[in-house]
Amino acid sequence: MYVAVKGGEKAISNAHKLLAKRRRGDTSVPSLTLDQIAQQLAHSVARVMGEGSLYDETLTALAIKQSRGDLIEAAFLIRAYRTTLPRFGYSQPIDTAQMLVERRISATYKDLPGGQVLGPTFDYSHRLLDFALAAEDDGVELPVETAPTLNDAMPRVTDLLGDEGLMEPDPDTVEDAPVGDLTREPLSFPADRDLRLQNLARGDEGFLLALAYSTQRGYGRTHPFAGEIRYGEVEVEFFAEELGFAVTLGTIKVTECQMINQFKGSAKAAPTFTRGYGLVFGQVERKAMSMAMVDRSMRVHELGEEQTAPAQDIEFVLSHSDNIQATGFVEHLKLPHYVDFQAELDLVRRMRAEWFEKRDQENNGEAAQEAAE
Amino acid sequence: MNDTAAIFDQGEYNFAYLDEQTKRMIRRAILKGIAIPGYQVPFASREMPMPYGWGTGGVQVTASILGKDDCLKMIDQGSDDTTNAVSLRGFFEKTAGVRTTYETAEASVIQTRHRIPEKNLREDQILVFQVPIPEPLRFLEPRETETRKMHALEDYGLMHVKLYEDIAKNGHIATTYAYPVKVNDRYVMDPSPTPKFDNPKIDQMAALQLYGAGREKRIYAIPPYTKVKSLDFEDYPFEIQKFDKPCGLCGAEDVYLDEVILDDKGGRMFVCSDSDFCEERRAEGHLGPMAADPAAAHIGGIQPEETAR
Amino acid sequence: MGTPLDVIPKNAPLTAGFPDPIHDAQACFRAVMNALARPGSHQNVTSVGLEPPKPLTPAAAAIALTLLDYDTPVWLDRPLMASEAVKAFLRFHTGAPIVTEPIEAAFALVSDPAHLIPLASFNQGSAEYPDLSTTVVLTGQNFNNALSVKLTGPGIKDTARLAAGPIPPIFWEQVISNNKQFPRGIDLIFAGETEIVALPRSTRITISEA
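Chains as they are written, first to last, in our numbering: chain A, 67 to 439; chain B, 4 to 312; chain C, 1413 to 1622.
Heads up, a few of these hints could be off.
Stated by the list, open to error - DSS-like, lysine-lysine: derived pairs with alpha carbons at most 30 Å apart:
{"#": "1", "chain 1": "B", "residue 1": "122", "chain 2": "B", "residue 2": "245"}
{"#": "2", "chain 1": "A", "residue 1": "400", "chain 2": "B", "residue 2": "245"}
{"#": "3", "chain 1": "C", "residue 1": "1592", "chain 2": "B", "residue 2": "232"}
{"#": "4", "chain 1": "B", "residue 1": "172", "chain 2": "A", "residue 2": "424"}
{"#": "5", "chain 1": "A", "residue 1": "131", "chain 2": "A", "residue 2": "319"}
{"#": "6", "chain 1": "B", "residue 1": "165", "chain 2": "A", "residue 2": "400"}
{"#": "7", "chain 1": "B", "residue 1": "122", "chain 2": "C", "residue 2": "1569"}
{"#": "8", "chain 1": "C", "residue 1": "1569", "chain 2": "B", "residue 2": "185"}
{"#": "9", "chain 1": "A", "residue 1": "400", "chain 2": "B", "residue 2": "230"}
{"#": "10", "chain 1": "B", "residue 1": "97", "chain 2": "A", "residue 2": "87"}
{"#": "11", "chain 1": "A", "residue 1": "424", "chain 2": "B", "residue 2": "248"}
{"#": "12", "chain 1": "C", "residue 1": "1569", "chain 2": "B", "residue 2": "204"}
{"#": "13", "chain 1": "A", "residue 1": "400", "chain 2": "B", "residue 2": "122"}
{"#": "14", "chain 1": "C", "residue 1": "1562", "chain 2": "B", "residue 2": "232"}
{"#": "15", "chain 1": "B", "residue 1": "245", "chain 2": "A", "residue 2": "424"}
{"#": "16", "chain 1": "C", "residue 1": "1592", "chain 2": "B", "residue 2": "204"}
{"#": "17", "chain 1": "C", "residue 1": "1562", "chain 2": "B", "residue 2": "185"}
{"#": "18", "chain 1": "B", "residue 1": "152", "chain 2": "C", "residue 2": "1562"}
{"#": "19", "chain 1": "B", "residue 1": "71", "chain 2": "C", "residue 2": "1569"}
{"#": "20", "chain 1": "B", "residue 1": "268", "chain 2": "B", "residue 2": "165"}
{"#": "21", "chain 1": "A", "residue 1": "400", "chain 2": "B", "residue 2": "204"}
{"#": "22", "chain 1": "A", "residue 1": "76", "chain 2": "B", "residue 2": "152"}
{"#": "23", "chain 1": "C", "residue 1": "1499", "chain 2": "B", "residue 2": "204"}
{"#": "24", "chain 1": "C", "residue 1": "1592", "chain 2": "B", "residue 2": "185"}
{"#": "25", "chain 1": "C", "residue 1": "1592", "chain 2": "B", "residue 2": "230"}
{"#": "26", "chain 1": "B", "residue 1": "230", "chain 2": "A", "residue 2": "424"}
{"#": "27", "chain 1": "A", "residue 1": "76", "chain 2": "A", "residue 2": "87"}
{"#": "28", "chain 1": "B", "residue 1": "268", "chain 2": "A", "residue 2": "400"}
{"#": "29", "chain 1": "A", "residue 1": "176", "chain 2": "A", "residue 2": "330"}
{"#": "30", "chain 1": "C", "residue 1": "1562", "chain 2": "B", "residue 2": "230"}
Hint data in this document are derived by calculation from the structure and do not stem from the laboratory.
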C-alpha cells in the first residue's frame, strides 16, 4: 500500500535512499565522472541541453548522472534549475554564416563553395558492434586527418540560391522587434513562427522525428531536400547597455539544418523554394532535420496550402511537443486517484445494476409473452 | 535527492522557491481571476522542481500567496499523508519554512488535490486547488482557439448536449467527478477532479478558492460567497453521491468515503476520505461500526511503519 | 533664474522601496487580493514607512511596488505625470514602462480622482481575453463620502456599502456601465492612507440613499 495513513514521509525518504543506492550500483565499479559523461556521451549531453534549454555541458552531465541516464528526467532537472536563474537580458542573434564549421553537407549540390565537409558522423559507418571498444585502453590518441575548419569561405546554401531569387528570402527582421519567449508568456494560438521555432527547439526529439517521418509518408507532404546541415562553433554576443556595444560571452556548438521545399506558388507569390529551419544545441542532426521539416509543415496557412495532416496542425504540434509536460502528465497517473475511482466505482455498480434489472425485466416480459402464447 | 535538507536556511532559493518577478506575474493573474470568477487567466507557468501534472499549478499559486505567518495544510485525496501531499508539504517546509498542520481549522492556506475538506471553511482561509485540465470543454473540443471562443460567446450548447446524451444513454448524467459548474451565471468551469459530492461546497463558500493549472498555464478563482451551480436539467436535477453506510471508523454520515479492501475474500470497509475530519471525530469519542475490528487498526493510522519495498 | 529646475534638483535622491521587499510585497498583495475577493471590505495596507515623492501616496507606492514591473505598462494622471520625481521613483523601483495612452495601460495610478478621465478610456479587455484590461488605482481616498452605494455580487455575502471619495461626477453610473459589460471591464482599487477597498468589474452597484 503506497498511500500510508501515517508514515508517508518515511516511505518517501526510504525510497529516495534506495534510489541513490541503485543509481550508484556496484561500488566496486568506479563512479562515472562528469568529464567522462560530457566527453564520451556527447550526443546525450547535447540532447539534454536542447530539451532542457540550457547550454551547460557540466551541469547536463551531472543531470544525466543523477538521472541514471534517463534523458527526459535529466532534461527536467535542467529545466527546473534553469527557471531559477536570474535573467540579464537577451543575447544578440547568433550568425551561423560565421560558424567555425566542423561538419557541413548539402544534399542539393554535388559541390559548392567551401565544399562538403563530412566531419564526425555515423553516416556511412557500418553498424557493426565494435568489440574492440569493449576492451578499449584509456588515453590512446587516435590519428585523424582533418582539414582546418573554415568559416569565411563557406556561405550558406540557402544564401546561394537566394541570389537567384529561387529561394524565399529570410523574413524581414525589424531591429529591436520583440521576439516571443514562451518561457515568459503563455503560448496562445495562432502562434507566430518565432514562438513555434522556440517550441520545436525545446521539443522532444522522438516526437519531432515521428512527425517529420509522417510528412514523408504522405501526411502533409512537403517535398524536402536537405539544403544544408552544418555543425560547429558560433559566438554568443550580448549587447551591454552600459558599454554601448556587444561583448562576446563565449561560444556554443550548434547544428543548423535548412530544408528546401518545393512551393507551387499562389495568387500572391511566384513559385519558389521555401524553407524549413532547424537549430539545436550540439550535434543533434536528427532533431535539427526533424525540426526543419515540422517547421515547414506548420507554415501551411502562411503559404496558403491546405491543412490535412497532424504535422501541419500548429496547436496539436506545439501543445504536445514538450516532453517535460508530457511525461509529467502521463506519469501523474501514478499518483493516488482513489477518490475519483470511488466515484466511478459507485457509478459503474449502479449502471450494472440498472442493466441487469432491465435485462431481467425484458426476459420476464418475453417469458410471460411466451407463456401467454 | 534533495531530502529534507533545509534549503530555506541555505539561502540558495528565494522564500517559497519562486523569484519575486514570477510571484508578481502570478499575483496579477490571481487578481484577474478573482475579478472574473470562473474565467481561466493565462499565466507564464514556470518549470517547477516537481513534474507537471503533480501539482505545479497549485504549488505556484500557493508560493505566490504564502506569507511567513501562514499555516499551510496540504492534502491529496482528502488525506494529509498521501505520498504527494507529504512531498509538497515538505517542499514548502523546506523552501518557505512556514508552519504546517494536519488540522483543517488551524490552516490559513489549504492546498488540495481532488477533495474539499468536510469541515466548513472560514472567511480567513484560502483553498488552493491543483488542476490537471482547467478547460471544462476540452474533452468536447480539443482546440484552445475554439473553446476560448465558446467562453467568449457564452456558448455552452456543446456541454449541455453532452450531458443530455448521457441521460439519453444511461438515464442519468454519467459524470462523477470534475463535474462542470457555472460560476456567477456566466462562465462554465471545471472544479478540478473533485468528486461531484464536493460541488455543493463550492457554492457560496466563505473561503476564497484559487485554482492553478501549471502544465496548461491557467489560473482561475471563485471569490467567497459566489453563486456556483452544477449544470443540470429541470427534469434531471444535479445530485451527489450517497453512501448507504457511515464511516467504519468514526461513524460519520453524509461525508465522502473511501472503499478500502481488507482481504482477498471480498472484505472491505468504508472510511472517511478526509483523514483529519475522521481523526478529530474519533478523538471526540465517535466510534464507527468497524472501529474495534483488528483489520481497521492499520487503516486508522495506528501502525506508522511504511517502507519503500 | 529661479526655474523649477532649481527647486527640484536633477539628481534628487531616490527614496527607498520596501525595507523587506519579499515579505512587505507579500503582505500588500494579500491586502489587495482580499480587497478584490471581498468587494467593499476595508483592508489594511501597511506602507511600512514608504516616502514616495508627492503626489504619489505611500499606499499607492506600496501597490505599485507590489504589482508593477517591466511587463506592466502604467498610466499616470496629469499631476503624477508632471512629476519627474514620481516617474523616476516608479522607474527605479518597478521598471514599469510609463505610457501616455490609457488604453495601453495594465495599471493606472490616479492622484486627482475628482478629475479622473472616463473609465471607458482604459483598456476594457476583449471578450476572449477579458484579463487584458486596466486596473485603476484611485489614491487619496476617504471612505465617509456623503454618497454611498450598495454593492452586491461575487465576494459579497448579502450586500455591502461603499462611500468612497473624492470621485469625479457621474462616476457611479460609469461603474454600473463597466459592470454591465462583464466579463470585459476595468477593476478599481480605492486607496486611502492606510486602507484600501476594491471593486472588481463583477460587482453590481445600486445608487441609493444610505
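Here is what the structure says about each hint:
1. B:122 with B:245: Holds. Residue 122 (chain B) to residue 245 (chain B) sits at ~18 Å (cutoff 30 Å).
2. A:400 with B:245: Holds: residue 400 (chain A) and residue 245 (chain B) sit about 27 Å apart, inside 30 Å.
3. C:1592 with B:232: holds, 21 Å
4. B:172 with A:424: holds, 13 Å
5. A:131 with A:319: holds, 22 Å
6. B:165 with A:400: holds, 29 Å
7. B:122 with C:1569: holds, 19 Å
8. C:1569 with B:185: Satisfied, since the Cα-Cα distance of roughly 19 Å is no more than 30 Å.
9. A:400 with B:230: Violated - the C-alpha atoms of residue 230 (chain B) and residue 400 (chain A) are around 34 Å apart, more than 30 Å.
10. B:97 with A:87: holds, 24 Å
11. A:424 with B:248: Satisfied, since the Cα-Cα distance of roughly 26 Å is no more than 30 Å.
12. C:1569 with B:204: holds, 15 Å
13. A:400 with B:122: holds, 28 Å
14. C:1562 with B:232: Answer holds: residue 1562 (chain C) to residue 232 (chain B) is near 25 Å, not above 30 Å.
15. B:245 with A:424: holds, 22 Å
16. C:1592 with B:204: holds, 28 Å
17. C:1562 with B:185: With a Cα-Cα distance of about 25 Å, the restraint between residue 1562 (chain C) and residue 185 (chain B) holds, given a limit of 30 Å.
18. B:152 with C:1562: Violated. Residue 152 (chain B) to residue 1562 (chain C) sits at ~33 Å, over the 30 Å cutoff.
19. B:71 with C:1569: Roughly 29 Å between the alpha carbons, so the hint for residue 71 (chain B) and residue 1569 (chain C) holds.
20. B:268 with B:165: Violated. Residue 268 (chain B) to residue 165 (chain B) sits at ~39 Å, over the 30 Å cutoff.
21. A:400 with B:204: holds, 28 Å
22. A:76 with B:152: Violated. Residue 76 (chain A) to residue 152 (chain B) sits at ~48 Å, over the 30 Å cutoff.
23. C:1499 with B:204: Between residue 1499 (chain C) and residue 204 (chain B) the Cα gap is close to 47 Å, so the pair fails against 30 Å, i.e. violated.
24. C:1592 with B:185: Judged against 30 Å, a Cα distance of about 18 Å means the pair holds.
25. C:1592 with B:230: Holds. Residue 1592 (chain C) to residue 230 (chain B) sits at ~18 Å (cutoff 30 Å).
26. B:230 with A:424: Violated, at roughly 39 Å.
27. A:76 with A:87: holds, 17 Å
28. B:268 with A:400: Status holds; Cα separation ~26 Å.
29. A:176 with A:330: holds, 25 Å
30. C:1562 with B:230: Distance ~19 Å between residue 1562 (chain C) and residue 230 (chain B) Cα, so the pair holds.
In the structure shown, a violation is registered for the earlier hints numbered 9, 18, 20, 22, 23 and 26, in ascending order.
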